[in-house]
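Trainee: In terms of this note's numbering, the numbers along the sequence shown are unbroken and rise by one, the last being 523.
No lab work stands behind these hints, which were simulated from the structure alone. Using N, Cα and C, we set each Cβ at its ideal position, and we do this for glycine too. Please note: incorrect hints may appear among the correct ones.
Distance condition first, Cα-Cα at most 27 angstroms in a straight line; then the derived DSS-like pairs of lysine-lysine [unchecked claim]: (1) Lys489 to Lys462; (2) Lys462 to Lys203; (3) Lys462 to Lys487.
Restraint-style ranges between C-beta atoms, simulated for each label pair [said to hold, decoys possible]: (4) Asp396 to Ala316: 27 to 35 angstroms; (5) Ala110 to Val452: 39 to 47 angstroms; (6) Gly243 to Asp396: 47 to 55 angstroms; (7) Ser48 to Glu141: 57 to 65 angstroms; (8) Gly44 to Asp445: 31 to 39 angstroms; (9) Ala392 to Ser270: 41 to 49 angstroms.
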Amino acid sequence: MMFRRCLFLILGWWACCLAPAARALDDAPRGLPAPVTQRLAAAGVPLSSLGVYVMPVDGEGASVMASLNAEHPFVMASTTKLVTSVAALELLGPAYEWRTRAFATAPVRAGRLQGDLVIVGGSAGLTPGELERWFRQMRSEGLTSIAGNIVMEHVAFLHESNDWRETVEANAQPEPEPVPTPVAAQMRRGAPGSLVVTVSPSKGPRAIVTVSPRPAGTSIVNDVSMGEGCIAFAVWETPDEGGPPQLAVRGTWDPACGKRDVAAVRAPASVKLVQDTPQQAMPSLRLPAITAPAPALPAAPKIVADLWREAGGRIAGRVIEMPRWGGSERLRSQSPWASQIAVPLAEVLREMNKTSNNLAARGLLLSLADGGSLKKVAFGSGEAARLRDAQARVHDWLHSQGYADDDIHVDVGSGQSRAERGKPRAMVQLLTKAWHGAIAKALVDSLPIAGVDGTLAHRMLKGPATGQAFLKTGTLSDTRALAGYVKGKSGQVYAVAMMVNHPRAAMVTPALDAFIEWLAAHG
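Working from the sequences, and respecting the hints, build out all of it.
Mentor: What follows is the structure, encoded as structure tokens:
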């Protein structure tokens, strides 16, 4: 009895005294430079909405460089793709590759296929760039003309427009491909039910903002000032005085940013989109209503046909998508002509992380359900069951690495789900361990480089972090995140995780970049 009473007293003392003190220590900003905290205050975002953890990747017992709310689980947005990447590299191996095959239903004579070309998809999917490369490979293998059709059986086509349509948050600013191909640009602008916001530099105090298609009878507020950085976001707001919603575009724009699509935002149900010449946005500009149809999204078959023609091929038939063609098993052994493309895991990771491709992330997660095997259920079939299996496998893998249930949680693998949360400390722990493993090169090579490529091509362009920060970005309507590695001036490399969950999270982007610049200069 005396032992129990003492135990209860100790536990009560911990709950009342030590636990709050530990939480307060975690909540206190350690190592954050004054310019960063000042930018946070200017953005109107409290420190309680920010999570930070930074420490060197080398050295036994290395001290923490910076910490704030490091044990709080934050919505990770697309930094979730880092967890998906590390899990895939560990569970499949850095040298893993998928092979997607195509079979002819008839002989190929003098470059002409007298039947159909059947492409049998796999777990990883294909990007437009990979498919175009494969089509050119087919040309070199002797196929120049198709008298029949191109049949796509369970081919996961990883194009950017699907990323936009599947974004969980209606007002989320996606992370656009920095150098879009003509096909990708065509698909992006065709996203149904949304308008594309474009920002261009100007010689005046404000950048030029255009929207297409035009939101009829709606005010568009241009609050993008000319200055440092390529940071702009768009959000629907209700005016203080009431009335219809208005589209506010805010941020800062450097002349070096050039002209860029910065967001695709879905219009509220009450706002009508009209197809017209892109309209330059001025503060409180009221646009007249003009009846015109919204643009149609180019279907995947049309894009595939266009890619075949761009590769120099000819086709008399059409491109057909089929969940199951039915003859692919027979063709594997009896086809008179076949081709295949090998897609290495490292290449999938580069596509997924550099451009923040959500479909690639989901396909990669699904492939973990069966160990990457293409012999089981193909992409898109039995997906709910495969997703549960993949979630369980990643959960078990995280447990085997020593993580608690609330340290990191992966749902769909891309960051589009709000259930995907992580603690900054756990993310840095994951990154630090990955740095010392066989997977380090493949992981780091897949990450956007500050001021150089990917979703960081137009951020941190001129400072000490340029070319020295390898970071995955994360973006939802109320979330901004950065996670990865930063090389300091001393040569030391730091693992970094920074997450903001707040309605004004977009305003914190300059503060996140400023911290990375500071770390590169002083680390």
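Trainee: A range of 41 to 49 angstroms was offered for this pair. Does it hold for the Cβ distance of Ala392 and Ser270?
Mentor: holds, 42 angstroms
Trainee: Looking only at beta-carbon atoms, does the pair Asp396, Ala316 fall within the given range of 27 to 35 angstroms?
Mentor: violated, 51 angstroms
Trainee: Taken at face value, is the distance from the CA of Lys487 to the CA of Lys462 at most 27 angstroms?
Mentor: holds, 16 angstroms
Trainee: Could you check the hint for me, namely that Ser48 and Glu141 are 57 to 65 angstroms apart, CB to CB?
Mentor: holds, 59 angstroms
Trainee: Holds or violated: the 39 to 47 angstroms window for the beta-carbon distance between Ala110 and Val452?
Mentor: This hint holds: roughly 46 angstroms between Cβ atoms.
Trainee: Check whether the Cα positions of Lys462 and Lys203 lie no farther apart than 27 angstroms.
Mentor: holds, 20 angstroms
Trainee: Given the hint of 47 to 55 angstroms, check if Gly243 and Asp396 actually sit that far apart at their C-beta atoms.
Mentor: Given about 53 angstroms between the Cβ atoms, the range holds.
Trainee: Is the hinted range of 31 to 39 angstroms satisfied by the C-beta distance from Gly44 to Asp445?
Mentor: holds, 37 angstroms
Trainee: Against the 27 angstroms threshold, does the CA-CA distance of Lys489 and Lys462 hold or violate the hint?
Mentor: Roughly 15 angstroms between the alpha carbons, so the hint for Lys489 and Lys462 holds.
The structure is inconsistent with hint 4 alone, although it conforms to all the rest.
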